[in-house]
Amino acid sequence: MDATSFVVFLSSVLFVIGALGVLLRRNALLIFMSVELMLNAANLAFVAFAQRWAHLTGQVFVFFVMTVAAAEVAVGLALIVTIFRTKRSTNVDDLAQLRG
Amino acid sequence: MTDWIVLGLLGALSVASALGLLLSRNAIYAALFLVLNFVVGAVIYIVLNAPFLAVVQISVYAGAIMVLFIFVIMLLGAERLTPAENPPGLSYQRPLAIALGVLALSVAAYVLLARGGEAAATQAVDASPTAIGVQLFRNYVFPFEVVALLLLAAMVGAVVLTRRTE
Amino acid sequence: MELLVLSPLLFPLLGLLINALFGQRMGERAIGWTASLAVIASFVAAVALFAQVGQSHGAAIRVSIAPWIAAGALNVSWGFLVDPLSSVMMLIVTGVGALIHIYSIGYMHGDARFRRYFVYLNLFVASMLLLVMADNFLVLFVGWELVGLCSYLLIGFWFEDLKNAAAGRKAFIVNRIGDVGFVLGILLIFATFGTLDFEGVFAQVKERGEALAAVAGAITLLLFIGATGKSAQIPLFVWLPDAMAGPTPVSALIHAATMVTAGVYMMSRAHALFGLAPATQTLVAIVGAATALVAASSALRQMDIKKVLAYSTVSQLGFMVAAAGLGVYVASLFHLLTHAFFKALLFLSAGSVIHAMHADHHSNLDPQDMRNMGGLARRMPITFATFAVGGLALAGVPPLAGFFSKDEILLAAFSYSPLVFLLLGATAALTALYIGRQIALVFFGEPRSVNAAHAHESPAVMTVPLVALAVLTLVGGAINLPGGGWLHHWLEPVIKETAKPLNVVLALVFTGIAVVALAIAWWLYRDPQRVRAEGRSAWERFLAEAWRIDALYHATVLRMFYTISTVCAQLIDAGAIDAAVNAVGRGARAAAGVARAAQTGFVRNYGLFMFLGAIAMMLYLVFLR
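Residue numbers (my numbering), protein chains in the order written: chain A, 1 to 100; chain B, 1001 to 1166; chain C, 2001 to 2625.
To be clear, the hints were calculated from the coordinates, so they are not data collected in a lab.
Note that this is a predicted model, so its numbers are computed, not measured.
Glycine included, C-beta positions come from ideal geometry on N, C-alpha and C.
Do not rely on the hints blindly, as some may be mistaken.
[Said to hold, decoys possible] Using C-beta positions, here's what the derived DEER-type ranges look like: (1) Arg99(A) <-> Ile2069(C): 47 to 57 Å; (2) Arg99(A) <-> Val1102(B): 55 to 65 Å; (3) Leu1105(B) <-> Asp2(A): 11 to 21 Å; (4) Arg99(A) <-> Val1015(B): 31 to 41 Å; (5) Arg2596(C) <-> Ala1109(B): 33 to 43 Å; (6) Leu79(A) <-> Ile1005(B): 25 to 35 Å; (7) Ala2576(C) <-> Arg99(A): 35 to 45 Å; (8) Met2618(C) <-> Leu1151(B): 30 to 40 Å; (9) Leu79(A) <-> Leu2162(C): 14 to 24 Å; (10) Met2618(C) <-> Ser1059(B): 25 to 35 Å.
Kindly produce the complete structure, drawing on both the sequences and the hints.
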């Protein structure tokens, strides 16, 4: 096992933990934080591969992912605030209007 | 050898903080666990020869984004979380999710162990902020501008969404 | 030039648009005068075109504004034609139309749908102009259909009463039956000549002549079926008496002066074709004459003031059609012209009477029933005078317009066909009889109801058009004095026909018959008791119901149709088609009931399946590729 494999495995562990957070938590804010964790896990893999292949593109990509994540957080939190205003709740299970 | 100890410690800390996020009953604690995770991530970046990203990670993620999160949590008064309780018809959600997670990890482990690559590249690339800046403004000018536009759109969107419509 | 040719058509459309778009905010007066001025302007434009045609000695003005259909051999354009024939028709349509518009301002006063009425009226004038100005059969057909549509809209104008709505529907459907014939005729024309332009068709008719005899017979027969619908001939005349359900000025405009003349106009336009088909011509003449007699005898026992005039219109149309069948198109058109004057006059005068009878809203007595009238001559002197002028013209008393035109037709019948002459002669006598009866019942004697006793003259906006039409009726005969008058001369570029000189004996005989018949009518109906006793005997009811032709249609065509419809509705539609559609619906619902279980509505649940899919893809990439 080399360092890159280790870091990539670490990245996948973090990713799965984030995914479980998204799937199992009910608070919109926590789900959102879990999404950030998943993004971060992906970033970690990028950086690991960038080091492995001695190439800067991976790092540049991470830079872009971070920017997009920042934009996403701004909009996502605005959505949560808006939903909270009408529903008085941050529980995503309360938003089940699409139930068939 | 020291590298491995450092990496192992950092990895353990990272996973522990992620689990803390997953399991905590208080949103503020969860947010602080996430901050810890980001900081550990920044240290790993330094180890992996990405100092610029480490700094950005601290300032943007651990700084700006997490401050925003905590701000919203406090604004909404949503720090106390009700215990997870599946609504009727969703009882399979938790076991299935965990099983899928384990499956995904096993596949990842199998791929890395069975088909893992050779030792790392010998020479390290120059990853100073200068080099990244040169890359950004030479090869990635167009995506860079697009991202600028995206940020603007997100800003406007956030303003519009949170405006009270009377 | 194009604009001048189109302007008679564009003015009513403009008036229509103004009223339709802005009428909501305009007062009654503004709406009425907008519509009227539009038609007056159209009349002025028609006069200008008339003068133009006159200056160029009858040369036709042809304008094509745009191609319409270009498909293979079929090449139809929006072509317009102004020649002596259409320019005369334009003058009638816009002139009489304008007077009726003005009259309507008074008649429709206070109606809830005043604006809509004038929009329809403008549309009607525009459609009729399209019909007479068309330069090919297809554009003519568009006008033809639009006229039918307008008549439907206007007959059923007071649709709150189901009876009126049914009358409008009947007019539409009966006209449609005739239109089928007309459309087939147009198709056959195209199949034969390869074009629908008047110029092309008639040039070929002249060139090929007798070779076309057989197909011309078929074409003219089909065209004549179209004419029987629009011009209310046997067997399709049943819609016109019912059409009296519309407002009276509408009856005057559509069912006396213009729309019903469309069939006569069309036959005159296509006279070259009819000339090649002697058999059709004979049929046309006999149908026309028979219609004239049937309708005139029916008019004799009507009690509704407008129904009498309606049957009278059918009867006079019979005269025109018979004349066309005899090949004397100029006489036919001359009668069309004078009839437009005196029948519009009669209808509008009758409208004035109804208006006066209506004045007292408290009683629910029928304001159109002549049994409730009587003694109106003293109370409504102007209306009486104008009605009398119209009535005498209809009866054929010289020197009124009707005398000359009717005499010309009778003369032609006398020289060509004894049977037609006999029928038309009897009709002429009956005509004087029923109009004499009507004048006696409405205007003479003592009032037979409170409304009649309290009736008073209509406002000037109604009486002025009446007087104008009365003047036209008085002098209108002058445009075609016997022995080749002005109209003969004017139409010569289109219709070449030698005029006959006045037959003094015939004229005197028919004048005598008319006067005697009027006198008999007056003598019979001095006594109101006689009216009350009327309508008891079987033959009187037979006449009152117009020879029971309507009942015949009900018993045969309609019953059969209802039977077929019932079978279709209950067995085929409800039993097979609806059942199939419902089964599809039920199946979809059942399937949805199963599938909807997947939609839990929980975002996390959707996410779980997304995760499942992602892992499945990962497994595929790792192990199966």
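- Item | Broken hints, by number | 2, 6 and 9
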